[in-house]
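Sequence lines, in order, name chains P and A.
Per the numbering used here, residue 1 is the first one in the first sequence, and the count goes up by one each step.
Per the numbering used here, residue 1 is the first one in the second sequence, and the count goes up by one each step.
Just so you know, these hints were derived from the structure itself, not from any lab.
The beta-carbon is built from N, C-alpha and C at its ideal position, and this holds for glycine as well.
Mixed in with the good hints there might be a few duds.
[Unchecked claim] Here are a few chain P residues that face chain A, going by a calculated C-beta distance under 8 Å:
1. Q11
2. E12
3. I107
4. Y110
5. C127
6. L131
7. L134
8. I145
9. L275
10. F297
11. R300
[Claimed, not checked] Here are some chain A residues pointing at chain P (derived, C-beta under 10 Å):
12. H355
13. Q450
14. A452
15. Y456
16. L466
17. G468
18. G471
19. I472
20. V474
21. G476
22. M483
23. P492
24. V500
[Claimed, not checked] Simulated restraints on C-beta separations:
25. P/L179 x A/P357: 44 to 52 Å
26. P/P87 x A/D210: 53 to 61 Å
27. A/N180 x P/E189: 54 to 62 Å
28. P/N2 x A/L466: 26 to 34 Å
29. P/V155 x A/S249: 45 to 53 Å
30. A/A479 x P/E189: 33 to 41 Å
31. P/L54 x A/G233: 43 to 51 Å
32. A/R324 x P/L54: 32 to 40 Å
33. P/V255 x A/L466: 20 to 28 Å
34. P/L54 x A/G259: 52 to 60 Å
35. P/V155 x A/R514: 54 to 62 Å
Spelled out from the first residue to the last, the chains are:
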Amino acid sequence: MNLRIGAFGRQESAAIVLLATFFSGCFAVDSRALYENGNASYLVETVSVIQALLLFEIVIWSLRVRGGNDLSALIGRSRLKAALTIPLILALIIAAMQPLQSFLLTITQYVFVESKHATVCLYLLPCLFLLTALGAETLVRTARILLPILLLSIVAALVSGIGQYRIYRIYPIPIGEPLRIFTQAGSAEMRTVPPLLALLCIGEGTQDRLAMRSSGRIGAIAGGLLCAAALFALSMTFPYSQLKGMPTPFYRMLVEVRAENPTLRLDRAVLFLWLCGAILTSAYYLYAACVLFCKTFGVRDSRPAALCLSGIAVTLILVLYYDAETTVAILRSLYRDAWMLIAVPIPLILLNLKRRKPKCAVSV
Amino acid sequence: MKEAIRNLFRFDAPYRRFELIETESLGTPSFFAHRKAKKTKLVKEHGMLSKSLEANRKRLSELFRAGVNTDLILRPVVIGGRSNALVVSMNGMADEKQIADFILRPAFQVQADGVSASAMPAFFREHALSMHETELTSARNDVICAIAEGRTAILFDGAGEAILCDTRGFVSRPVGEPQNEMTILGPKEAFTENIRTNITLLRRILKRPDFVCEFRDSGGTNGTKLVLAYLDGTVNPALLAELKRRLDSIATDTRLTVGRIEQLIEDFTYLPLPQMLKTERPDRAASAVLDGRIALLVEGCPLAGVLPITIGTLMESGEDIDMRQPVGTIVRVIRMLGAILSTYLPAYFLALALHHPGQLSSEILETVIASRAMVFLPLWVEMIFLLLVFQLVREAGLRVPGSIGHAIGIIGGLLLGQAAVSANIVSTVVLIIVALTGLGNFTIPDYSAQVATAYYRIFLCIAATLGGLLGITVTGLCATAVMCTVKSFGVPFFAPFSPVTRHGEHLLFRTRIRNRAGVSDWTNPERRRA
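All chains, full assembly: derive it from the sequences and hints.
Structure below.
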């Protein structure tokens, strides 16, 4: 099996969970639904993270009882393996689409105003595929490398916006309606559960169930707190009526800061820095979906699945953005150059025929 | 002349031009090239020495092509007036004075009454030979290698054994100052081409009984000597075993150097960044050995390869540790900023100027527009052109001897730049950015990393031209991910930062010297294991 899970430590796995929780929670928000009845996004996020952690603990407990290091070990004993796995894979693909779609909207709305959605997608697809194909070890290590820079940029964004914060903007708080908060938190599970679900899928790489549990807890709690802080800052920056319909309000906050202080012209650089986090998050979910798929259906290599799932995710983003007719038109225009897709692999296959045997390690 | 003119008009003139590829036995050419010839393996001598001196003499003469190869000296002697022997050495490689004083003179003076022919080698070695390093062998290949190395072999009639005496006395360069890794506070010695001298330089620093210099024959046909220098009991045995396995798998006809060996045994061949540190400083190699790593010395190469490495190793200078801690930290931060600036500044400027001009202040934008008013090249072509010119000047400066090399740098930097601005080929703003980039690039201490960064920068510029900040982001993220995948002999490239290890020297901040007790744990050395 060449699933490229590898082996990694607690800090690295906590880093990817943290980033995924933050980027899913802060940048994949359905702002219309979230801010419909007031400004309680930070409460909703906190409750949602707690709910996700409870689910995570239940799965970890089940793993301890049944024995196994990852989710597929748990599913593997079920007779309805495929029936259980496919919804999870779909959920991960949808979770992967969310932050990317949100950034695509922001980029086409604020940065490349005249560009088409599909053009921007063309840049993202190779990167998404490469990250997904390189495997879990690469993903978590890249997350660990980028984490300090991303945290610094997020904290700097929160601090630089202090001048804009007005406490009266957080009203109305639907604190008197706990049921609504719980309901919203339940629907926000699609943002807070996938980071932990993906960790469960690649649990084999954490080398130990306890390590997986602690890194999941630390990552989810830290990411949830950071996300709640960011959403609270947003609530103090914009009234909830404005927040409804903003694609990435967190970036919008930076733009407001820049409007106040024109010497700080780093908003776009920061946006693209955050895009790294979003791509990493999406690749993490897609890779987890690949692993789940490969383990369930006995596929030995994760790379073909990585290519397929990255393609599916990007195509679905396009379908959701354009109507079906436009997407079909885009795909038809691609047919003209589709011969390349057939021509390109042929030399690769021929080269592969004379491939060297991989070096194997020596045990001492 | 007359012959040439006549041949020009004579269509039946015989084909007399000397050609190798077209006429020799490579077979029918295919569309792209001639068929690849089958590799012939050089058969090593595996036999034992014969008891007959004449047979041994004939075989050696045959192997060394003594008929044409006049360097081989075969000196017959009669030891103790009764035993025929042959002293074999290579002219120029062996010290004649040592042979005359310590081999030939005792051979004529020794009394060997009652010693049988088969016991003569041992008797001569113990009672007559006044040399320090001698060895008895019966393998023919050992004799051949020893002669080729400059040692002297004494072969005896009636004994299937030979004595190998260390008489190496060839000329070699004395220990000089490092040319590429100059320091102000550190030592001023550099490795030479002589492997023995290099070992001595290391041993002078590492005065420990557990410091091992393991000699090995490199793979391939040339049989170059390699030395693995490490601390036994400290180095990770799995790392050592894996390195030996990879060295054993080398099969090449080329001359081996540290750089070539690196390429033959590394995991990621297409990565531009090096996976082994090549240093000319013995103190740096010794520090790495003390840290539980392995230094690889190669005969004829004035560099030591240190492995495994991380990104921190490539960004470290030899004298970092000699500086005071705050100063060392500041220097490291400046170096890191220089590296980041040199990598991303041209691409960032291109992205802002071409795709996001709103991110530049109106003053800067006006300056850029004014400086480019008469320049006819597009901005991205201008940037890439200047970056390539910078590489050109740099390569030219490196390849020509000392003072002329400096002059080329000055001519390239000042005159060419000034002339290019005057001729409206480039703008001053772009020139300043390329100059800053060049300066930043020189802050990267490792030469291979400098070159890798220089070409990655051009790639980034193309990405920035195509996609602005989006292009830079995507390319940068892919490059980071690939670097996170890379492992130098099993150690991830970003260790000890990612994966985190307990005893990690920080990439940016230099730790206090008193906190650096013991060995770094990112190679999982034996001494630090629980």
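To see whether the hints hold, each was checked on the structure:
| no. | hint | verdict |
| --- | --- | --- |
| 1 | Q11 | 5 Å, holds |
| 2 | E12 | 6 Å, holds |
| 3 | I107 | 7 Å, holds |
| 4 | Y110 | 10 Å, violated |
| 5 | C127 | 5 Å, holds |
| 6 | L131 | 5 Å, holds |
| 7 | L134 | 5 Å, holds |
| 8 | I145 | 5 Å, holds |
| 9 | L275 | 5 Å, holds |
| 10 | F297 | 26 Å, violated |
| 11 | R300 | 20 Å, violated |
| 12 | H355 | 8 Å, holds |
| 13 | Q450 | 21 Å, violated |
| 14 | A452 | 18 Å, violated |
| 15 | Y456 | 16 Å, violated |
| 16 | L466 | 8 Å, holds |
| 17 | G468 | 8 Å, holds |
| 18 | G471 | 7 Å, holds |
| 19 | I472 | 7 Å, holds |
| 20 | V474 | 5 Å, holds |
| 21 | G476 | 7 Å, holds |
| 22 | M483 | 8 Å, holds |
| 23 | P492 | 7 Å, holds |
| 24 | V500 | 5 Å, holds |
| 25 | P/L179 x A/P357: 44 to 52 Å | 51 Å, holds |
| 26 | P/P87 x A/D210: 53 to 61 Å | 59 Å, holds |
| 27 | A/N180 x P/E189: 54 to 62 Å | 58 Å, holds |
| 28 | P/N2 x A/L466: 26 to 34 Å | 33 Å, holds |
| 29 | P/V155 x A/S249: 45 to 53 Å | 50 Å, holds |
| 30 | A/A479 x P/E189: 33 to 41 Å | 35 Å, holds |
| 31 | P/L54 x A/G233: 43 to 51 Å | 50 Å, holds |
| 32 | A/R324 x P/L54: 32 to 40 Å | 52 Å, violated |
| 33 | P/V255 x A/L466: 20 to 28 Å | 25 Å, holds |
| 34 | P/L54 x A/G259: 52 to 60 Å | 56 Å, holds |
| 35 | P/V155 x A/R514: 54 to 62 Å | 32 Å, violated |
Consistency note: the structure conflicts with the earlier hints numbered 4, 10, 11, 13, 14, 15, 32 and 35.
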